[in-house]
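Chains as they are written, first to last, in the numbering used here: chain U, 1 to 120; chain D, 1001 to 1609; chain P, 2001 to 2277.
Calculated from the structure, these hints are not laboratory results. Treat each hint with caution, since some may be false.
Stated by the list, open to error - Non-contacting residues of chain P with respect to chain U, defined by C-beta distances greater than 12 Å in every case (computed): (1) Pro2009; (2) Met2078; (3) Lys2084; (4) Leu2222.
As the list claims (entries may be wrong) - Covered stretches of chain U (chain D as the covering partner; in silico rule of three or more C-beta atoms under 8 Å from a C-beta of chain D): (5) 34-42; (6) 70-80.
The beta-carbon is built from N, C-alpha and C at its ideal position, and this holds for glycine as well.
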Amino acid sequence: MSDDAHDIQKHVRSYMIIGAILLAGTVLTVLAAQIDFGHHWINVAVGLLIATVKASLVALFFMHLISEKTAIYMFLSVTVFFFTGLCVLTLWASHDLPKDSVHIRLPKTEAVEKTAEHHH
Amino acid sequence: MQATTSAHTHGAHAEHHDEHHDQGFLRTYVFSTDHKVIGIQYGVTALAFLFFGFCLVGLMRWQLAYPAQPVPVLGKVLESLLGDVAAGGVISSGLYNSFGAMHGTIMVFLAIVPLAFAAFGNYVVPLQIGAPDMTFPRINMFSYQCYFVGGVIMVASFFIPGGAAQAGWTSYSPLATTIPTDGQTYWLLGMVLLITSSLLGSVNFIATIIQLRAPGMTWMRLPWFVWTQFVTAFILLLAFPPLEAAGIMQLADKVLGSSFFLPTGLMSSGGGDLADVSGGGSPLLWQHLFWFLGHPEVYVLILPAMGIVAEVIANNTRKPLWGYRSLVYSVLAVGFISFIVWAHHMYLTGMGTKISTFFQTTTMIISIPSVIILTCLFISLWGGSIRFNTPMLFALAFLPMFGIGGLTGLPLGFNFSDLLLHDTYYVIAHFHYVVAPGTIFALFAGVYFWYPKVTGRMMNETLGKIHFWLSIIFMNLTFMPMFKQGIAGMNRRMYDGGATYLGVTDISSGMDIGTPQAMIDLNVNISHAAWALGLAQLPFIFNFFWSIGFGKKVENDNPWQATTLDWQTPTPPPHGNFVTPPIVTRGPYEYSVPGAKADFIPQNAPESV
Amino acid sequence: MDIPYTSTPREDTGLYNAKLGIWLFLASEVMLFGALFSSYILLRVGSDWWPEPQSILNIPIGTFNTAVLIVSSVTVVMAWASLKMNRLNKFMMFQGITILCALTFLGIKSFEYQEKWKHYEVWTVDGQNYTGHIEVGDKHNPYFYNHNKLAAEGVEEITFTIDPVKAGSLAGEEDIGVANADHHDHESIVIKTSNIKRLSAFVPAHSTYFALYFTLTGLHGLHVLGGVVVMVYLWLTAGTWFKTKPEQFTNRIEVSGLFWHFVDLVWIFLFPVLYLM
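Isolated chain U, as found in the complex (with noise of 0.2 Å):
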C-alpha cells in the first residue's frame, strides 16, 4: 500500500467511483427480481452474480485485497475452499440418499392442492 499523498488522492477518486457502481448494482439488483425468468433457479443465480461482483469490488478495492501480499490471499482461499465444501458437501449427504429409502417430500403443489382440498 503506498504511503504517497498522492496516490492516495488517486485512490480516492476511484472509491467515490466504486460507491457509485454499487449504488447502481444494488438498484440492478431489485430491478432484475422483478424481472420473470421463467426458472426461479435463474433469479437466483443473476441475485448472487450481481451480489459477487459488488463484493468482489469491496473486497478488491475498500478493502485493498488487489494490492494486497500472497500471505492474505492464501488464508482467504484456503477459507473460500472449506466454504465451499461444507456447503456442497452438506447439499450432496441430504440429496444422495440409499436406492428404495423413503422419503416423503411433497412437491409444491401437491402441498398447495392439499391445502385447498382442506379448506373446501
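Following the hints, position chains D and P against chain U.
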C-alpha cells in the same frame, strides 16, 4: 549458550522495568498480558478441569460396575449437593447422562484443548521462535478470561434445577432441545464463550508465528512443535465458527422456540400430540455443523501432543528428528484434509453410497500423513543415545498407544464395518486410546519436560517413574476390554451398564466374544482399573505441587541440554523473554553434529561454532 | 524487548501485525456467516413451502438500508485516506458520517423488527389461515402473542384485521386455499380462542424462514453494533492518539475499516438472499 541477562538490562530499560515492578499482585498474576503467565493460568485451570472431568467418569464407572447401588462415601455428598437426582446416593439415569455429557465436554473443551494448545502453546511458542510475547497480549488475556467464564458456566450448570446438559458432548437435536430443563442453555452459552476464546487465541498464535519469528528463524528452522501449533491454530480458526453458528441456532431453538433442527412431525415428549413448534428443520443439519468442527477438533487434540513428543524425543535421543520435511508437509496435509472427512461420524444417518464413499476415501487418505508422522517419530529413535527420564518414558509410550488408537480407527473409517461398531464401546475405546494414553501422556511428558524452565526446579524422577508405570498399566487395563465389549455390540451411553442386553436370548455374533453377562462383567474390571488409574495420578499431583518448593534446583538454564531457543533464556524467562532478538543461525535439532566440539549446538549459537 | 511490527510492516510478509490479525479474524467470520448461509440453503432446499419475500419484507426499506451501508463503506475508507493525507478534520467528518450511517442502519432494522413482532399468522381449527394484525381486549397491535399466551391469559376471542394480500404468497394466488383472497381489503373478523389451532407473530418460532431471517440479520446487526462501538471509541480518542502516534492510529483505522467493509460485504449477500429470492 549465550547469557541473556546482563548489566545493560537495568541501564537502558530501567524505566520499562520499573513500570512492570510496580504493577502489583493483580496485574502481575491475575490480569497479566504476559504470555508466560497466561500460559500458566491456562495450564493450571486446565489441569483442574482434567481432574474434575476424571472424577465425573469415576462416578459413572461406579454406576456401570454396580448398577443402582449407592456410591460409597461420595453418594451422600452427591445427594446433599444435587438433591433428588442422587437420591439415596444412587446415580439416577438423568444424572448419569449429565455426567456423561459433561465429562466429554469438559475433557475436550475445558481440559485437553486449553492444556495442549493454549497452555503449552502460549508458554513455549514465543520462546521457541525468539519473540518477546504474542502479537496481541491484551487479546491473549481476554481469551483466557472468556475460557474461564465459559468454564464457570459449564460447572455452574450442575447446580441449576434440572442439572447439567444431558444429550452427550455431541448435543444432538432434537433430544438436546426437547429436554425441558435449562442445562442445555448453559452448555450452549458456555460453548459460545469457549469458542470465542479459541478463535481469539488462534488469531494470536498464527499472527505470532508468522510475524514474530526472530531474525534467521526461517520456516524450515522452526521446531516441529511450533509447526503443530500453527496448524492447530488454523484448524481452530476455520472449523470452530460453524459450530458457533450451530450453537446460536440451537440456542434459538431452545430459548426462542425456533425449529432449525426440529423436523416437521415431531411429537411432544408427552406422546400423542405434535410438538408445539413450527417444524421444517433438519436434525442432520446440526450433525453436519457439529462434526464439521468435531472432526478437525480431534486433530486439535492430537497435533500439539505430537509436537511435544517430537521435542522430547529429539532431546532425549541426542539426535535430530528423522524426516523433518516429511513431518512438516504431513502436518500441513493432516490439517487441510481434516476439514473434508467429517461425515464418517454420520455413516448411520441414511447417507447414500456415493457420499459415504467420498468421506470414506478422504478418511483413508488422511491416515497416510498421520502414519508418516508416527513413522518419522519411530525412526527418530533409531541409533539414538536414549535417556530414559520421565518425559521420555511418556513420549515413548505415546508412540505405540497412539498407534493402537489410530489403527483401531480404521474399522470405524470404513463405512461397512462402522455399521457394526458405530455407537458401541469400540468407539469409546478407540478415541480414548488416542486421547488418554495418547495425548494425555504427551501432555504429561510436556509438564515434566518444561517444568524446570517455568519453576527452576526439577520434578522428582522417582515419583515420575511410579506415575508413568502405574498409568500405562491401568490405562490399558481400562480401555482394552472396551474393544471386546464394542465388538460384541454393547452400546455406549447406557446407564444400566448393559443390563438391557440380558433379555436377549438368541445371540449370534459370529465371533466367540462371550455371552452378554461376560461382557457386562467386564464393566467391573474396567471400573477397578479406572479407579486405580485415578489413584496412579496421586504421585503426579503431589510431585507437581511439592517440587515447586522442594524440587531439585536446576544447575543452569538448560538442564536438558536442549538446542531450541526456549532453553536459551534465563529461568524463568523475564518479561520480554530476550533482551535483544536472538539471531538464529541453524536448525532446531543440532544434536551430535559430526565434527562439532559440543554434544549439542543451540539454535542461536554464533555461526562460527 | 518490545513487540516488533506493530506499526511497521515485516519485510517478508509486507504486513503489520494488526492487519494480519484482522484478516485472520475475517476468515473465521467468513466461516461463521458461511455456515449460516449453508444452513439457509439446506433448509430451504429441503422445505415443502417457502414464503415469497416480497410480500413479507419491505423491499424499499431494505434497499435504502443497503444504500446506507454502501455509503458508510465509502466514508470509512475515505476516513482512512484522510488520515494518510494528514487531514484530521476530514477524518473526523468521514468517520462521523460512517457512525451516523451505521446508527441509521440499526434504527431502520429495529423498526423492521418490531413491525414483524406485531404482525400475525393464524390457523383456525375450521381450516382458515390468515395473516394480519390483532387486537386482544383493549390491547391494540400487541407484540409476541401466541395461542399459549392467549390460553394462559384466559382470552376468549381476538379481533383479527386481515392483510389484503397474505404475507408470504404472491398476489396472484387467489385460488389456492388462500383465505385472504376471499375477503375484502383490511377486513376485521372476530376469532374465538377455541377456534385457534395456532397463532404466531412473525418471530423465530413462526417458521424456519423467520428463524433464519432473525438469526442472520440479528448476528449481522450485532456485528454492526460492535463496529459502531469501536468506531466511536476511535473517533473520540482521535485527537490525542493521532498527535502522539499518527502511524499507529492510521493503522488502527485501516484495521477497523477492514472489519466495517466485511460487515457491508455480508449485507451485500444478505439483502438479495433474504429480501429478493
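Of all the hints given earlier, name the ones this structure violates by number, lowest first. The structure breaks hints 1, 2, 3, 5; every other hint is satisfied.
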